[in-house]
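There are 2 protein chains.
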Amino acid sequence: MGRDSEDEGVDTQEAIMRATYRALCKHGYANLTMQAIADEFDKTKGVIHYHYDTKETLLVAFLEYLLDAFNENIAVDENEEPETRLLTLIDTLLFGPPERGEFDHWELMVALLEVRSEAPYNEEFRRQFTHNYETIEATLVAIIEDGIDRGKFRDVDPQLAATLFLTALNGARIYQVALRRDDVAQLTRDGLEAIIDDWLRRSDASTDR
Amino acid sequence: MGRDSEDEGVDTQEAIMRATYRALCKHGYANLTMQAIADEFDKTKGVIHYHYDTKETLLVAFLEYLLDAFNENIAVDENEEPETRLLTLIDTLLFGPPERGEFDHWELMVALLEVRSEAPYNEEFRRQFTHNYETIEATLVAIIEDGIDRGKFRDVDPQLAATLFLTALNGARIYQVALRRDDVAQLTRDGLEAIIDDWLRRSDASTDR
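Top to bottom, those sequences are chains A and B. Just so you know, we're using full-length UniProt numbering here: the first sequence kicks off at 1 and counts up by one. Just so you know, we're using full-length UniProt numbering here: the second sequence kicks off at 1 and counts up by one.
It should be emphasised that the hints constitute simulated quantities derived from the structure, not laboratory data. Errors might be hidden in some of the hints.
Identical chains share a label here; the pair holds if one copy fits it or two copies do between them.
[As the list claims (entries may be wrong)] Dumping the calculated SDA-like pairs for lysine to any residue here, alpha-carbon to alpha-carbon at most 20 Å:
| id | residue 1 | residue 2 |
| --- | --- | --- |
| 1 | 55 | 31 |
| 2 | 26 | 120 |
| 3 | 152 | 199 |
| 4 | 152 | 194 |
| 5 | 55 | 30 |
| 6 | 43 | 11 |
| 7 | 43 | 18 |
| 8 | 55 | 28 |
| 9 | 45 | 17 |
Turn these sequences into a full structure, and let the hints steer you where they fit.
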């Protein structure tokens with residue numbers, strides 16, 4: 001193993017993460033064993049143990065990897081108008097990024113749902129999910145504050161509005177993923193658009209959309 | 001076993017359900033083995049196998065048991081005004097029932113969160129969660145339709161508004177349970193109240209609250 005250059009180490013870790021992802025999609029979280037991961041990996045099980053000495057260490061690194069992929073999927077253009085940015089973020093969180101990234105959005109959502117169900121029992125998972133939550137929350141608060149500053153949005157409490165959007169989006173993703181209720185995302189999208197139009201937007205503001 | 005009267009059979013099943021609940025709270029879903037359940041049960045493991053021949057059969061019965069408890073926790077008084085019923089349902093879903101039932105609301109939420117993470121892989125779980133979703137959805141739609149009929153609420157699309165409330169409530173529960181973000185429930189409550197006051201309620205309707 002000592003022969004691995006740093007680059008090769010990164011590539012190997014990336015390969016282990018991809019193997020873990022494939023194993024998770026195939027077997028589900030409850031059956032995600034080191035053996036199941038090794039079966040998806042083209043080197044020996046020893047190589048996995050060299051990089052991650054316990055299953056927990058591997059899963060913590062894996063969650064970070066999933067959340068990075070998630071964050072790449074939801075990046076928004078900061079030059080757009082607040083209302084456009086808000087609707088783009090809503091659409092991306094509900095329907096996935098317009099240009100499909102490396103990961104299928106829904107496979108990623110199912111994977112994250114499963115890892116999150118362990119969060120009440122795992123402090124490190126909770127720390128990472130909380131960071132993810134706070135990142136999206138801060139993005140929403142910034143968009144809403146910008147809309148208020150520009151006179152486009154009513155003078156609502158940005159934190160309160162951000163929480164409402166974030167919980168609705170998260171709840172919709174969960175229902176869609178867990179229950180395969182494909183109509184929930186579209187209904188939530190329409191509901192949030194109605195809230196933006198009739199509650200958040202100043203009735204005297206021009207629409208630039 | 002043949003000596004069990006029907007009542008004793010029901011009592012035994014109830015005892016197995018309680019043992020499963022204790023085992024789940026103690027070990028988490030991923031570690032919920034038949035042995036872990038048997039360890040919480042005061043009869044032999046054979047009695048569990050007599051009533052439920054596989055772990056899956058037991059877990060399907062257990063989910064039904066959890067959802068029944070959940071439905072008991074969220075019952076609303078149909079004689080109240082629509083807005084009061086809506087706020088009561090919101091409060092109950094966010095903070096648990098005013099009079100604590102047999103189950104601690106948050107323990108129950110954690111348990112349901114974990115079982116639900118398996119729903120994408122389990123058709124019977126999905127069927128039960130979908131039924132639960134549709135029950136709460138129908139309750140919300142009925143309250144909103146009633147509010148519109150009585151001239152208290154604006155003429156919104158009841159299905160769309162119900163989905164928005166339901167996804168926000170579900171998302172808030174998930175964040176609170178999984179991330180232990182205790183502020184999310186209150187922020188969501190305040191956000192939904194603002195939506196009811198400034199979007200759903202007719203501005204010319206009297207408030208009976």
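Now for the hints, and whether the structure bears them out:
1. 55 <-> 31: both (12 Å within a copy, 15 Å between copies)
2. 26 <-> 120: between (24 Å within a copy, 12 Å between copies)
3. 152 <-> 199: Cα proximity of residue 152 and residue 199: in one copy and across copies (12 Å, 17 Å).
4. 152 <-> 194: Classified as both: same-chain Cα gap 15 Å, cross-chain 19 Å, threshold 20 Å.
5. 55 <-> 30: Both, since 13 Å and 14 Å are each at most 20 Å.
6. 43 <-> 11: within (12 Å within a copy, 53 Å between copies)
7. 43 <-> 18: The answer is within: 13 Å in one copy meets 20 Å, while 45 Å across copies does not.
8. 55 <-> 28: both (15 Å within a copy, 17 Å between copies)
9. 45 <-> 17: Close inside one copy (13 Å), not across copies (39 Å); limit 20 Å.
Of the numbered hints given earlier, the model fails none.
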